[in-house]
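Residue numbers (our numbering), protein chains in the order written: chain A, 164 to 562; chain B, 164 to 562.
It is possible that part of the hints are untrue.
It does not matter which identical chain is used: a pair holds within one copy or between any two.
[Claimed, not checked] Cross-link-like lysine to aspartate or glutamate pairs, in silico, DMTMM-like; alpha carbons within 25 Å at most:
| no. | residue 1 | residue 2 |
| --- | --- | --- |
| 1 | K189 | D548 |
| 2 | K189 | D207 |
| 3 | K189 | E549 |
| 4 | K189 | D545 |
| 5 | K189 | E224 |
None of these hints come from the bench; they were simulated from the model. Treat the numbers as computed from the prediction; the structure is a model and nothing was measured.
Protein chains: 2
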Amino acid sequence: MSMPQAWRLAARTAAMRPSAVRDILKVTQQSRVLSLAGGLPSPDSFPIEALAEASRRLWLERGASALQYAASEGWPALRQWVAQRLSAHGVPVAPEQVLITSGSQQGLDLLGKVLIEPGQPVLVEQPSYLGALQSFAPYQPAWHTWATDAEGPLPDGLRAGHRLAYLVPSYQNPSARCVSSQRRRALALRAAAVGVPVVEDDPYGELWYEQAPPPPLFTHAPDDVVLLGSWSKVLAPGLRLGHLVCPASRLDDVGARLLQARQGADLHSSSLGQALVCSLLEQGFDLDAHLAGVRQRYRAQRDALHQALLRHLPPGWQWQVPAGGMFFWLQGPATLDAAALLPQALNAGVAFVPGEAFGVPGQVASALRSCMRLSFVTLSPDQLDEAVRRLASCLPGAA
Amino acid sequence: MSMPQAWRLAARTAAMRPSAVRDILKVTQQSRVLSLAGGLPSPDSFPIEALAEASRRLWLERGASALQYAASEGWPALRQWVAQRLSAHGVPVAPEQVLITSGSQQGLDLLGKVLIEPGQPVLVEQPSYLGALQSFAPYQPAWHTWATDAEGPLPDGLRAGHRLAYLVPSYQNPSARCVSSQRRRALALRAAAVGVPVVEDDPYGELWYEQAPPPPLFTHAPDDVVLLGSWSKVLAPGLRLGHLVCPASRLDDVGARLLQARQGADLHSSSLGQALVCSLLEQGFDLDAHLAGVRQRYRAQRDALHQALLRHLPPGWQWQVPAGGMFFWLQGPATLDAAALLPQALNAGVAFVPGEAFGVPGQVASALRSCMRLSFVTLSPDQLDEAVRRLASCLPGAA
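Excised from the complex, chain A in its bound form (with noise of 0.2 Å):
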């Protein structure tokens, strides 16, 4: 049997890279291995009794359409709780400038094919969600690092000629970083004054656990910044859902290469999920109250793992309580390799995701190699300590 002839691949498939969480997730569902790493909210956190509740109505009242073709925006009840949702929430928005997205990841490859011009400057936080850089990446950016403080990334960083600027601000992943209200009011204001697009992507808003994080970015420049929301964190990630909201003003020129860009990349979120949100939405579920359930339930895990690194790290590490969020992120002694160590700790059962897998591409911070991402939402407290035990177990100077 010969060979067949090598396929010419695109030339912009040599900046996309494996997601590192994807690839310890596969190793750590088939194995006994404590994870740290993905963050994959408990099942028990999910509103699964209401979902089944809903689904059971959903064959009564609009089987027909769950299974038909919709259209590409996102069915429109959904488009108007968002709008509403938000609006409630002090982010005035119309229904029109919501596109429901198969999860947020989706709204960055779209942002990317609509606003990335190869070889063009876009601007990242390091470190920074590595799904972002590697919805990015194909569109073959020149990577910028976003200069930061303890506030946020710099107002000044922004600058015109970059093509967009993408930020995390609430509990960013994985830093778990809160940018300030006055931060987040400046670099809107940068943003309209340079005309650069902010993405900002808002994932974990919703997970606070002693106060609200300030308005969003959105808020103070809604020319100017494209807002992305999962719905991932507050019901369930297995849905694939998610919205962007384009500026009003956009709607015409952005929004509507958006549109297309999705047209052509999968014509529309499934109809099955957004009739089950729907459904559950009419049969008066309460979204705030649940969120409470979740918020409560997360804080207990939070400060367990804290207790944890508290009990078993040795000395030469050091960590924020997260405010929010689903991560702690650790920085260890100046000399240890945390990628290098992750095949020590796989073996000893437990995973965590080394903090170079969330570094720009080709730029990667030294002093990100000694970092690592933990996440406190799938494992239970106890499971926490066992695992942070593990951990401390394979620590360069561990007994």
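Starting from the known structure of chain A, fit chain B onto it as the hints suggest.
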């Protein structure tokens, strides 16, 4: 209030275009228009009772999995099911080759991202499935038109240097043409000889009305063809599920890049939909019996549309009765401008898709302008008759 500064769009957006079908769909959903335009399956063809029962079982047996993140490749049980079903139909495939996609539309987008280089030639038929043109367009190919005869595209049209070639061999959308068995073999061997990937899109292969179509090109050259399948026509489009079969010999390069592109695009297809299909299969759903019923229904609708065309259309129109799929492709008088006719037709209460929508961007063949596509799967036989009566009433020369 000052106008915001315009954002710079990526150059690739200039190649994007709206979907004529989706635009017409919006008009027809908001009115009393009888639509021959969309390819919406009749809701009566959905196995809704079986899916409702599967849904009840889902919430008892795998509710948490249906709501959780999942592997980007798709649920293992579904990859296995696709491989087994294809293998049983004479297309030997291993589960590892199967990527579960959000409709075959997503497979097209991923292939475009991984294989198409800006300015490099991509070979497509004219007319061609407009969703494929829409998927590929943002990757900025140079469009090459595939010369065809009565048996299908000509093998020597496929040449080294093409980045990919795209075809729908069975009951093409819009032309309903089915490529002959000999031609399929010749095309597959040619693809192997010149080392060009052929994307074989097969959404309609199960919708045959007299006899099954010849085996896919993939069977003749399993190293040289990527085979796409849709579950929209055999189960329901609202699930947004389909599959991509990658040659086993190309999993390490093309397959790995497709998976990375997929992670960046939307992580994975809806767990809810995948869980529902798993539960459906586990409860012993007889897909073949279901398909026999769908074929019977659509055959009757096809025959009804054919009779309506014979009854109402004036002389000078030509068509072939489609042996499968969902569409009639009508050739009007040479002087007809079908796009110009559409507003009148909508006024008269009937919609169709003008032939030029299926043309190669920038090179629309003039012959397409006098053609139109009519779908027979959405309307009942009586409605089909009335729709054609309305259409005929606005044709040149109508009484």
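Evaluated hints:
1. For the identical chains of this complex, K189 and D548 are intra-copy neighbours only, at 23 Å inside a copy versus 55 Å across copies, given an alpha-carbon limit of 25 Å.
2. Taking identical chains as interchangeable, the C-alpha atoms of K189 and D207 lie at most 25 Å apart only when both belong to the same chain, with a minimum of 21 Å there against 40 Å between chains.
3. Taking the closest pair of Cα atoms, K189 and E549 come within 25 Å of each other only inside a single copy of the chain (21 Å); across copies the shortest separation is 55 Å, beyond that limit.
4. Within a single copy, K189 and D545 get their C-alpha atoms as close as 23 Å, which meets the 25 Å cut-off; across copies the closest is 53 Å, which misses it.
5. Taking the closest pair of Cα atoms, K189 and E224 come within 25 Å of each other only across two copies (23 Å); inside a single copy the shortest separation is 38 Å, beyond that limit.
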